[in-house]
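J.: Two independent chains are provided; combine them into the complex using the hints.
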Amino acid sequence: MAGIFGNRRAVLLIIATMVMAMVSVLTGVYLATLVTEKRSVDDQRLSFQAMSLGDAGLDHAMVELRKRVAVDLLAKVRSHTDGAYFNAYASNPLGFLRDHAYADGQTQFTVNGSAAQLSLTPYNLSGSVTGNYLLDYNGTVITATAPQAVYANTTLDVYKFYYSFSIESAANVTRGIPPRVVDGTTVYERPVSKRVVYAPQPLEIDVGRSNFAKYALFTSHQHYHPKDSPDSSTTVWFTNNTNFQGPVHTNSRFAFSGNLSAHFTEQVTQQDKEATYNNGILPSVSLDDDHNGVIDVPVFDKGFERSVSQIPLTPSITQDNLKTYALGTMADPGNGVWVANDGTKCVGGIYIRGNQGKDFDNPTIYMRVDGSSRQVYEITRSGSAYNITVDTAANKTYVTGAYIATFNGIPDGATHDGILVYVNDDIGSLYGTVQSGTRATVSSERDIVISHNLTYQSYTPSPLSATGTTNLLGIISWGGDVRIGTSAPDNVTVHGVIMAPHGVFGVDNHDDGDWPHLGDRGTATLLGGVITDHYGPFGTFYPSTTGYGRNFIYDGRMMTGSAPPYFPYMNTFESVLVPEDALYHKPLWREKDN
Amino acid sequence: MEAGFTLVEAMVVTALFSALFGVMMFVMQNSDTYYTKGRDKIAVQTEARRIADTLVTELRAGASAWYWNGTWYNLTISGENNTRLDFYVPVFNAENNLSTIRRVTYKLDPANPYRLQKKVGVDGIVQNVSESVRAIDFSVGCDNCSSFSCTAFANATPDCPVVRYNVTVAVPVADPAAKNFTLEGKVFLQNQNATVGNITDPDDPGEAF
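These protein sequence lines map, in sequence, to chains A and B.
Numbering of the first sequence is given in the numbering used here, commencing with residue 4 and proceeding in unit increments.
Numbering of the second sequence is given in the numbering used here, commencing with residue 17 and proceeding in unit increments.
Extracted from the complex, chain B is given alone in its bound form (with noise of 0.2 Å):
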């Protein structure tokens, strides 16, 4: 007959097993929680870059102002904590050749300030850029670039055609815990100077988005 297990040996195993066990959870827990806290890091600076790349590409296009029958055509900072940006970017016809210029408007929804919108042109529909805003800012560069602290161009050929963004996301964005990651940058004016001659009117629904 063999021998069997020590009340006592029993005691010591199963201590050990729940030890064992307990390390195991501790670790996975832990993984799972540097895990999700790495995979919204990584959302949520997706989510700026995005943002980021939408508002970049068409305000590289831009110009501070464009002149038009008599008329300036000027970007413009506004709303409260200059969350509003108004530009123009010029549209091209198929021999390249400048057709019109066409009004570019970004701004946080007042029906959902995490919502940011865009709309571009009169027919165009009103795009939902981000739902993971909680903040959003714009300036201009002034004295030669030495402050962003303004929020319009000095004169039509500004000394510093730059324009600062400032964007600040959560994800989720409802969630009071959720981290802030804030992106700023900044994007030079492609086109100066931009007095144009022959082209259609403006494709501008004016400040009625």
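Pulled out of the complex, with its shape left as it was, chain A reads as follows (with noise of 0.2 Å):
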């Protein structure tokens, strides 16, 4: 046979190769859909790696934010001591974000017509990321706006910068990292894009003077004088017994025994550059330094700082100014209970006056919650009694016992901030309770003696903490101390800030050497803080326990800014963040267009 029929092999090599054509074409067809198949897996494993990258820019941002509020700005606030500087920027809230929300050498907000802006610069993810891509969320933007005026009070020295805060991030993920050159061009596969955004919120910027209250422990001296002897002194060591869960400074020195020694959380800072070191049964030592080897370690959670300055316990508010805002409109009544009134209503507090230096007409001051939940100040005075019942709600106060009157307004002295009682001599006996509503400062010229528990109406009892409640007391010895008495219970509590600018926190009759003895009294409770010229005596340990042990509670809201009214403030200026955790919360997150 002619022809390729004639050949046998060449038939069937025809046969072989259509069969192996048409198992090629079915062979490339599957696994072209296998090929689009991964892609659509691969364009989703993206587009969710692009939404996470986005994420990341967004928790960038509220991190930076956070640091350059809480931080940067707070840190260059505190080094303006006049008020004027701030009021300069009433005009402009966004120039004052400017040119405080940074830290030196960092990139500044930029302001652009109503707007202030931030770009960041990414961390470079694609080092750390294994494959071939290339990650990035270079969109990332913070734009802040001022929807409201400023609030400057010049008197007060209070400025509120009212922010609106938006944050916008851009993530792309591009695959096929090298990119590939075609004919000597470089060509990028297009990147899997996302746009995520945190929606505008709110933030409260409130710059103010710094309060003392914000101390767990402020002594202008770290040492204890008797009152019977001086010209002695005692240091104050602080032990594993001792913890301060607020900030704690003194204008001389600290002295630590022990290892491990006393716990701070918050920061410690001292003026002199070295602190004492008890050494074990060596001879103390001084150190510049936050640790005396493996013998004394105290525990700092947020530094040591020595060789600070002087914070001088000279207030900007001062006895006299207090007194002022006690009596308001009103001339000073003479000797009595006074609440300053003008005939119909409260023009300033409640005003006590005596007869200094002579104990028979020292006040006695309780106050107590009625039934209808308002605060009364039972005040003895003389063999005089008078209630001072305070209704808050109706606005109004009652007066009775010696002296009996009504008032419009509440004795919250000449400039509302809360109520104030101003008494010009010693208080003989002070206790009780807070009134939840009530905030409230006792202020003597000499001691003050507290003669059993005083404590708030709302608090938590474990762990202590007053946080998220509105009372709140400030005890102030403008020129005496504040006293513990030996009346008072074993296992005394004490809720509020205590001053005493020229004298201590103590007990009387601390190491049992006086009638009567009350040997060991348990533990003394104070839920607050302490700012005085000396440390005070509790007790001792050696040879016998006497007085009590302390266990102080650091009042938390103090470091946000609370402080009870008319408590006195430093020089220097302050900020902090309204609601403090403003940015601690997540905004509206959404995902935008591109």
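Among the hints, a few may not be true.
Unchecked claim - Taking lysine-lysine pairs in the DSSO-like style, the calculated list, with each CA pair at most 27 Å apart, reads: (1) B:Lys123 - B:Lys195; (2) A:Lys70 - A:Lys305; (3) B:Lys135 - B:Lys202; (4) B:Lys202 - A:Lys41; (5) A:Lys79 - A:Lys348; (6) A:Lys348 - A:Lys305; (7) A:Lys41 - B:Lys57; (8) B:Lys57 - B:Lys202; (9) B:Lys53 - A:Lys41; (10) A:Lys70 - A:Lys163; (11) A:Lys589 - A:Lys305; (12) A:Lys595 - B:Lys57; (13) A:Lys276 - A:Lys399; (14) A:Lys589 - B:Lys123; (15) A:Lys589 - A:Lys70; (16) B:Lys135 - A:Lys595; (17) B:Lys123 - B:Lys202; (18) A:Lys41 - A:Lys70; (19) B:Lys123 - B:Lys135; (20) B:Lys195 - A:Lys41; (21) B:Lys53 - B:Lys195.
Derived by calculation from the structure, the hints in this document are not laboratory data.
T.: Put into structure tokens, the structure is as follows:
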């Protein structure tokens, strides 16, 4: 047979070729669908990666904003002492953000019209991700606007800046890195992009003078002068029984003993360059260090800074200022118990005047809450008893007892900061309960004796805290001491911030050297802070235990700008976020079209 | 004169051709079967992913609960076998501020159990998300995400603000021989503790749909 049919091998070859071609086509189609499917899955995966990257950009921006406002801005604000400096920004709130919310050497916000913007430099993630991808979130921008005018009170030196901030983050994931080069041209694949946004969120930054109330412990001199021997000086050792949960400062030096020694959860500062360490059985040593080898090792969660500037315990509000706030527009009425008034309404605080240096007319102040949840001040002076009932809801004050009157308004001082009790004498006895809605300061020109428990109506007993409550008490002895008296019970409890700029916070007969002999009185629990000239004695532990042990719990509200009314300020400024956790809540999230 | 094929030769050639043709047909048929299976598999997976994409994009912007004007607007799971999901998404104005919240509902059509439907807000039309759903169910995370057996969040700020979906698709869905493809996924709700203040009334058609 002629032709190809004459060659059987040729026929078989043709058939085999046809079969192979068909199989190849089918295989190709199959592989193409697989590739398409893989591509689809990859796109989905890259989309998720881009979304996560965008979220990373948002989180980065939140952390950055938190740091710039809570740390950098605060540090810059603290360096100023003149209120006029801040008042100058009252018409330029975005400029305030630009000029303060950055660390030295960092990029600042750029103000453009009605918005201030900050672009973030993303972390380089590509190097730490396995695979041939290029990852970035290069469009992360924080935008701040000032929707409300600045509140500026130049009398009180309080400035409130209101902002609204939003964050936008664009993220790209590009596969095929390094890119292909086609005819000498670099060809990147089209990136998978996502754009995510934190919707506008309000932010308030309050600037005002620092308040002494922010300290858990503040002393001008960190040693103890016995009253009966004022020339002697006893070192106060912080041991492992000492725990402070708020800022601690002294204008002298601290002394530490033991390993472990004291524990401080907030920053500790002292003016002296060196601290004293007990050094075991060896003589004590002075070191410019935060520990003494392994012998004396206190724990500082937020550091121990030495050689800081002195903070003068000369408050911006003086004794005379407070007296003026208490009297308001009323002239000094002489000895007695008075609600400062103009005949019909309250014009100041509660003013108590007596004979200084004579104990017989030292007033007793018992704070209690009546059946209508009103704060009642039961004041006894020189045999006369007065009940002053403050009805905040009705905005009225009722006086009964030795004097009867009703006044419009409440005795919240000349500037209405809060209830103010001013005594020009010693306070022979102070105790009772601070009503849950009351913010008050009890002030005396001389000693104040706490004779029984003095507690807030609202607080959390365990762990002891007043966070989230309103009741707040300040106790100020301008020229004397704040003392826990001998009539106070064992395990006495005091809630309030105590200040004695020329004295101590201590315990009467703490060493049991006088009558009555009370021995070991348990633990004195304080919820608040102590700001005093010297460190006061509470008890002894050798040769026998007398007086009280200390259990001082810091009132965390003081860290965030709260302070008892009319409580003295320092000359430096401070900024706080309102609310304090404003930058810790995740704003509203949304995915935005590219 | 040339010699012709013998009968035996002709039969052998025919047999050989038949065998080769049979092999060829066998290969082609198998190829077609595998191709069809592969195509259906891709189709069913694509459909499942499309459903998931639609759901996830909206759900991600939701919250376990929104609180507005004294009322909680919760994410809820209901229906027989937990086939219905209701949740609220934020609606933003041109300034990027929240203007209201809007209810989104996913559920199976009672008239056609293979049809997954969606309705958004009061004015939104009922959309058919898919006609190929053999089953779908939802649940939420509980006990710090150790379990996804809950059908409601424990409180407004749950310890595991994650919604799990489980969707089974078949193409064509009415063919009992069609293979199922099940896709399970979990979605983290990006908006938490969402107390909202100054907004217009929620865009909420209620349970009517």
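J.: Next, verify each hint and record whether it holds.
T.: Structure-based check of all given hints:
no. : hint                : verdict
1   : B:Lys123 - B:Lys195 : 23 Å, holds
2   : A:Lys70 - A:Lys305  : 16 Å, holds
3   : B:Lys135 - B:Lys202 : 21 Å, holds
4   : B:Lys202 - A:Lys41  : 21 Å, holds
5   : A:Lys79 - A:Lys348  : 43 Å, violated
6   : A:Lys348 - A:Lys305 : 49 Å, violated
7   : A:Lys41 - B:Lys57   : 13 Å, holds
8   : B:Lys57 - B:Lys202  : 23 Å, holds
9   : B:Lys53 - A:Lys41   : 17 Å, holds
10  : A:Lys70 - A:Lys163  : 19 Å, holds
11  : A:Lys589 - A:Lys305 : 26 Å, holds
12  : A:Lys595 - B:Lys57  : 33 Å, violated
13  : A:Lys276 - A:Lys399 : 54 Å, violated
14  : A:Lys589 - B:Lys123 : 30 Å, violated
15  : A:Lys589 - A:Lys70  : 15 Å, holds
16  : B:Lys135 - A:Lys595 : 21 Å, holds
17  : B:Lys123 - B:Lys202 : 18 Å, holds
18  : A:Lys41 - A:Lys70   : 43 Å, violated
19  : B:Lys123 - B:Lys135 : 9 Å, holds
20  : B:Lys195 - A:Lys41  : 20 Å, holds
21  : B:Lys53 - B:Lys195  : 9 Å, holds
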